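Engineer: Okay, here's what each chain looks like letter by letter:
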Amino acid sequence: MMKNILTLILFFALYVSLIAQQSPKKNYSKLNINCKTCHTCDVPTKTDPCLVTCPRDKMTTVYQSADKTPETIVLDQLVNSYGPVYFPHKAHAQMAEMGGGCESCHHHNTSGPILKCSSCHETSRKRGDIGIPDLKAAYHRLCIDCHREWSHNVSCNTCHVPKKDLKNVKDEKAQKKYYSKNYPIILEPSKIVFKTNYEKGNLVTFYHNEHNNKFGLTCTSCHKNESCATCHDLSKNSNTKEKTITVTKSNSDNHKKCSSCHQIENNCSMCHQDKVAEPFNHGKQTGWALNRFHINLSCAACHGEKLPYKKLDTKCISCHKNWNNETFKHSITGLQLNEIHSQLSCEDCHTNNNYSAKTTCNGCHDNYSFPKQVPGKIVGKLN
Amino acid sequence: MSGSSRRDFLKTSALIGAGITGLSISSAKAAPKNILSENRMGVLVDTTVCIGCRQCEWACKEAHDLPAGNIASYENREVFYNMRRPSENALTVVNQYSAGKGSDLPVDVKVQCMHCDHPACVSACIVGALSKEENGSVIWDTDKCIGCRYCMVACPFQIPAFQYNKALDPKIMKCDFCFERTKEGKLPACVEICPVEALTYGPRTELISIAKDRIKRDPDRYIDHIYGEKEAGGTAWMYLGNQEFAKLDFPEPGDKPAVGVSESIQHGIFAYFVPPVSLYALLGGIMWINKHRKSSDEEEK
Amino acid sequence: MSNDYSSPVLIKHKFLTPGVFVLIVLAVNGLVFLMGRFFFGLGAVTHLNNQYPWGLWIGVDVAAGVALAAGGFTTAALGHVWHKEEYHLIVRPALLTAMLGYTFVAFGVFVDIGRWYFIWHPLIMWNGTSALFEVGICVMIYLTVLYIEFLPIVTERFIGNVNLPGFLSRMNKPVDRLLRVLDRGLSKTMFIFIIAGIVLSTLHQSSLGTLMIVAGYKMHPLWQTPVLPLLFLLSAIAVGFPMVIFESILASRSFGLKPEMHILSKLGSMIAPLLGVYLAFKIGDMFIRKTFVYLSEVNTASVMFTIEVLLGVIIPLRMFLSPKVLKSPGLLFTAASLVVLGVLINRINNFIVAYSPPYSLHSYFPAFGEFSVTIGLIAILILLYRVIVMNFPVISLPGKQKAAQTKYTIKGTK
Ligand code: SF4
Ligand code: SF4
Ligand code: SF4
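Residue numbers (the numbering used here), protein chains in the order written: chain F, 0 to 382; chain Y, 7 to 307; chain S, 1162 to 1575.
If you are wondering where the hints come from, they were derived from the structure by calculation, not from laboratory data. All clues stand as given, with none of them false.
Cβ pair distances, simulated, as ranges: (1) F:CYS34 with Y:ASP224: 15 to 25 Å; (2) Y:ASP261 with F:LEU50: 27 to 37 Å; (3) S:ILE1285 with F:ASP75: 52 to 62 Å; (4) S:PHE1271 with F:ARG126: 45 to 55 Å.
It should be emphasised that the depicted structure is a prediction, and the values quoted were computed from it without experimental measurement. We put the beta carbon where it would ideally sit given N, CA and C, even for glycine.
Make a model of the complete structure from these sequences and hints.
Structural biologist: Written out as structure tokens, the structure reads:
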């Protein structure tokens, strides 16, 4: 009797543990990834799944905007001679948009939430499956390749704070002081001169600040899939505002970034010149010099967000659609209209809404002309 | 020739023959341990992963009671200006080379004994002081070595080093695959410390499939060559790289074991002592005939 | 028939001459550096390093030493196996040089190996796959055989002459009896040792060539060939007689004797075919492996190879073919020296010049200490030779017409 009960209990225990080991079933067909990412054939079967070697970076299905990611991640699973590493996750995530994206670290993440490194990478180096690196190697490999690219050394203290200087803190603010700040702070360059080997004009002058401030580009509009060292390089003098770069990459690589906005076919001389080009001048380049009101506007304010910018006409009303005698403060032009004139509609003096042509008084007055006769008071410099 | 001396001659020849046969039997047993086990271990060195931190150099020295110094001093990059070789003071060294395909980063190559499958050093050692063990390591026995340095001549990878500056008890120094550590179930010191696991320790057959897998998965990162899979008949330590191994100063010893030619000559000469014994008999015969002719000449006179 | 031959006697000559004095100085200099080697290690006196583990001592003291002591087994074969009795009078000097030469080789090894106190290890720790083991074991046995072969000369000197000083004189009788027993035993069994000596020689002379084969690609293709053992054996056989001629003429000059030209020219006439065979194999091997391409570039290897073959083989080969050379002591000596030099260079080439390790952080050129020791050892060797021939019946004086074969043949055959 006793024996039977024991056997029963044993079986039960076995059964429970078996169930416990079953991972919850995933329905891969519902995943947001193409079957062909993993299978080579159309109908994979259990016996012949025709799997490709696991693609490193095509599998992630969950994305978060960088700003929503954790500020700091404490890597403390392998603490021994060094203490935990306080990894500024958010900063890296933000930067990652210019590099390989989240997948550059979170790879082979088949589905669902982002997995911890240690869910695949074992903590012990002496282990069964030596096909994938252990946790220590996984951490180091991810970090060190970029870090040594720009720092040109492999010193441990780049990331590790010596244990004696380290207190285990929970507070996010306090953790931040253990970030290592070894990367060179970069100044945004203003002007870069590319030396090319194009014989009809070997210099291409690129005004970085214009593209940023005026054209409203963000970092990621141009910088994608780039190595950190492109900007953070300790040995290169990356902190100068103006620099000259001799171009070595292939022709198409060079043009790729510019051509996404600029029309480059049969348009070489737009960028390629014999001498260093002047900054962008709206008057020279388009024939329409910007007045003091327009000069400080971002390009997108008139040309819209969409690149490439279209040529606009010069009619004020094309942009300033809601301007009329009531909404427009004429004094801004240097001429304050008197009461009578301020009642008139704009076309009464500016024929055909052409504000660059001469104004006419003929509608009401004979032999009157501006500026001999002034319909009000001069309050500033006329233009 | 008198009857008695002829009998002597035959008797002694027979005796010598028997002696030499005895010798040949005992010599068959007297070969050094040279095991090519199915489960021998190895290390896969991925030079595209190695960061040249040189911690393995430090750990190796620590593990072998060599003066290691401060680990922080190993961050010095200037040592890379000159090629270094394993020596009596450092059983493993890391050299740096310019970048290969698919990367701007320099390539670092750790060098140590390859623990050949058919080690030339073991085959060559005059007293069998070197042996290839069950787990794949090729180790040196201080109680046997006479310091002739023939292993150094033989090694196709130019690995064994010698303590030339010691008058007493100079040793052959080379990586022993951390024989003592692995016996206790620990990893080799360098493998254990490597921060990026550029060194993967495991059964050699498994390492080869892992290496092939890496090459297949990442053909842009690697050249399609596992150095050490075939070189010199196969080695326990194998390398992956992103450029021709010759550019990384790896020698090209060919795919045949370095010991092949000389061992077959050796065995040819000593095949059960047949050649020497027959030469002995031949010379004895000539001597006998000549003597005989001479004495019969004299008798005729 | 045997009356044409002279019997070996003790050479009476002043020991100290200016030449001997120079040798003593060289020997002392060598010994000083030897002490350095034993007190401070190999690194203190040699330029050996981890890239070049073997240097002058192995190349010259050992490899060339073994080759140049080949006179011992070639004359033994000629004199005893082929029973050419007219050559018996050169057998003893050749035996003595071989004995001293091999002693010098053994000592050279002793000096060169780092753990010299374990030099006896190969006796009990065997490695059948090692060419060096074979060389070592053969040399050890052969050295013993040489000593045994030399014993009759000692017994001949002392039988009936034992004269121990002081209280030991009581032992005179028993020692004498012992010597006689020894002598009788030896003469019965000597042929065993003679044949063994020859077999051992062919074995280790060839294995000396096998030594470098294991270095594989580290050795320059001009020399690296699977037939190296054969080339070593052939060159050893070819250098045997020239070496006998060389030292015989040298010894005669030094003691103011007339060289035994009638024997030496006969000996000389046998050299050409031996050299020819060696040359044929060497050139044949070169053409089969197509290594002559390496001769088109001018570097140390190609120059040394040319010197070795031209000066050491082809020129003396031509000389030995000419009757004029065979008759003139001077020319014969020159030709013989060339062969000796050629083999010396060949061994140096094989062991030092051809060895080009893939990573040579420092190149190798022998240190002054290495030269000193090698030269010092050679000086000691010559001095020993001088002492021995003045105290033991080794060299036969011309004109002393007395029946003489070496002793054991007299006793062993009758
Ligand atoms: S690399 Fe050299 S020392 Fe190491 S096992 Fe092979 S032959 Fe021996
Ligand atoms: S296995 Fe051991 S002995 Fe060999 S290099 Fe690594 S640490 Fe050194
Ligand atoms: S410890 Fe690893 S990464 Fe560092 S140098 Fe050695 S092999 Fe390379």
